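Novice: Residue numbers (this note's numbering): 15 to 328.
Since the hints were derived computationally from the structure, they do not count as laboratory data.
Every value quoted in this text rests on a predicted model; they were computed, and no experiment measured them.
Cβ coordinates follow ideal geometry from the N, Cα and C atoms, glycine included.
It is possible that part of the hints are untrue.
[Said to hold, decoys possible] Once the Cα atoms are required to be at most 30 Å apart in a straight line, the calculated BS3-like pairs of lysine-lysine come out as: (1) Lys252 to Lys66; (2) Lys97 to Lys66; (3) Lys190 to Lys140; (4) Lys138 to Lys89; (5) Lys128 to Lys252; (6) Lys252 to Lys120; (7) Lys190 to Lys128; (8) Lys252 to Lys89; (9) Lys244 to Lys176; (10) Lys252 to Lys78; (11) Lys190 to Lys138; (12) Lys120 to Lys97; (13) Lys176 to Lys97.
[As the list claims (entries may be wrong)] Using C-beta positions, here's what the derived DEER-type ranges look like: (14) Leu189 to Lys252: 53 to 63 Å; (15) Ala112 to Lys78: 29 to 39 Å; (16) Asp142 to Asp186: 23 to 33 Å; (17) Gly225 to Asp116: 39 to 49 Å; (18) Arg118 to Ser187: 32 to 42 Å.
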Amino acid sequence: MSDEEIPELKPARPDVQSDERKGYMPYLPWRIIGGVGLFLVLSIGTCQIRDKQETEALRATVLKAYDQDLGPIAKRYQDVVEKIRTDTAGAAAQSSAATYIDPRLKFDALNGGKGLYLRIGADKAKQDLSSVEASPDAIAHCLGLDPAQVSELLPKGAFLEKDWIQRAHEADSVLKLRVVAEELRQRSQRDLPFVAEASQADWFLLVLERGENRRDAPVDTYLWDLRSNKLLMSTRAKASGGLVTARINIAGGKPGHYGSGAQTGAAQDCSIASQMRTLAGELPPNFASATPTPNAEFKQDAGMLSPQPTDAGP
């Protein structure tokens with residue numbers, strides 16, 4: 015085929031009518047596209063403004079509820095916890111508790127007020143107390159006291175800490191603020207009664223364990239007046255208690271068995287409490303026993319038992 019017979023090559027174009035614009039790209043309605051785009055931009059901006067307004071409104075509601083309804087309780091809780099942390103850290107920094115007693119201290123009088131109690135290892139006491147977990151003991155009960163546990167107060171009152179409410183200040187969306195508001199509502203219903211009661215404590219009893227446990231190593235005990243933040247007592251004690259058991263026979267009943275009489279946690283705790291009471295000038299509990307008189311009969315006289323000798327005969 016000669017060059018003259020080769021047809022002229024032309025770029026591909028869509029079939030258009032004579033009255034339409036020619037070209038590869040079809041005509042675009044830029045006015046409509048621009049209008050829709052402007053509408054979307056304005057809509058998004060309006061939604062962002064509304065979301066910000068809703069966020070600020072919810073933030074103001076949460077902070078108002080916290081400040082007005084929980085403010086006094088939060089202030090009292092924060093003050094008490096700060097004293098506990100300061101006193102505990104100061105005691106843990108000492109190598110040993112110096113013996114001291116306020117002459118006015120009477121343990122029985124402490125029942126008239128509310129108290130807080132913490133038993134903790136000396137090494138852990140130098141750290142943050144927020145995660146402290148303590149197993150039950152009988153030291154306070156052996157003193158005749160029933161204080162609230164610091165290990166329970168701190169986790170339940172965490173929502174009253176300053177850094178917790180900071181979450182409401184820093185939340186940047188309605189969703190995050192709703193989470194804060196819901197948690198505040200639930201914890202106010204669940205934990206606030208206990209926290210409000212425990213935060214009214216008048217005294218704080220601390221037992222620092224200087225070893226792995228309170229049975230084999232000495233403990234340092236401290237007692238503070240939280241109202242005046244004054245030390246009432248401090249001493250070092252070494253557990254030396256033992257459990258004394260007894261068996262009682264009742265007519266018609268099956269005789270029981272003697273207990274093991276082994277060293278128990280409760281016995282050790284009560285021995286520590288006894289040393290604290292002794293320091294306060296109170297006589298520790300004790301008992302005495304004597305061999306029964308041979309051939310003696312007992313009779314009940316006006317509610318008292320007294321021995322009645324028998325005639326042994328010649």
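Novice: Each of the hints needs a verdict: does it hold here or not?
Specialist: Status of the hints after comparison with the structure:
1. Lys252 to Lys66: 62 Å, violated
2. Lys97 to Lys66: The hint is violated at about 40 Å.
3. Lys190 to Lys140: 34 Å, violated
4. Lys138 to Lys89: Holds. Lys138 to Lys89 sits at ~26 Å (cutoff 30 Å).
5. Lys128 to Lys252: 27 Å, holds
6. Lys252 to Lys120: Holds - the C-alpha atoms of Lys120 and Lys252 are around 21 Å apart, at most 30 Å.
7. Lys190 to Lys128: 38 Å, violated
8. Lys252 to Lys89: 38 Å, violated
9. Lys244 to Lys176: 26 Å, holds
10. Lys252 to Lys78: 51 Å, violated
11. Lys190 to Lys138: Violated, at about 34 Å.
12. Lys120 to Lys97: Between Lys120 and Lys97 the Cα gap is close to 22 Å, so the pair holds against 30 Å.
13. Lys176 to Lys97: 16 Å, holds
14. Leu189 to Lys252: 53 to 63 Å: 57 Å, holds
15. Ala112 to Lys78: 29 to 39 Å: 48 Å, violated
16. Asp142 to Asp186: 23 to 33 Å: For Asp186 against Asp142, whose Cβ atoms are near 28 Å apart, the range 23 to 33 Å holds.
17. Gly225 to Asp116: 39 to 49 Å: 28 Å, violated
18. Arg118 to Ser187: 32 to 42 Å: Since Arg118 and Ser187 have Cβ atoms about 56 Å apart, the given range 32 to 42 Å is violated.
The structure does not agree with the numbered hints 1, 2, 3, 7, 8, 10, 11, 15, 17, 18 stated previously, though it agrees with the rest.
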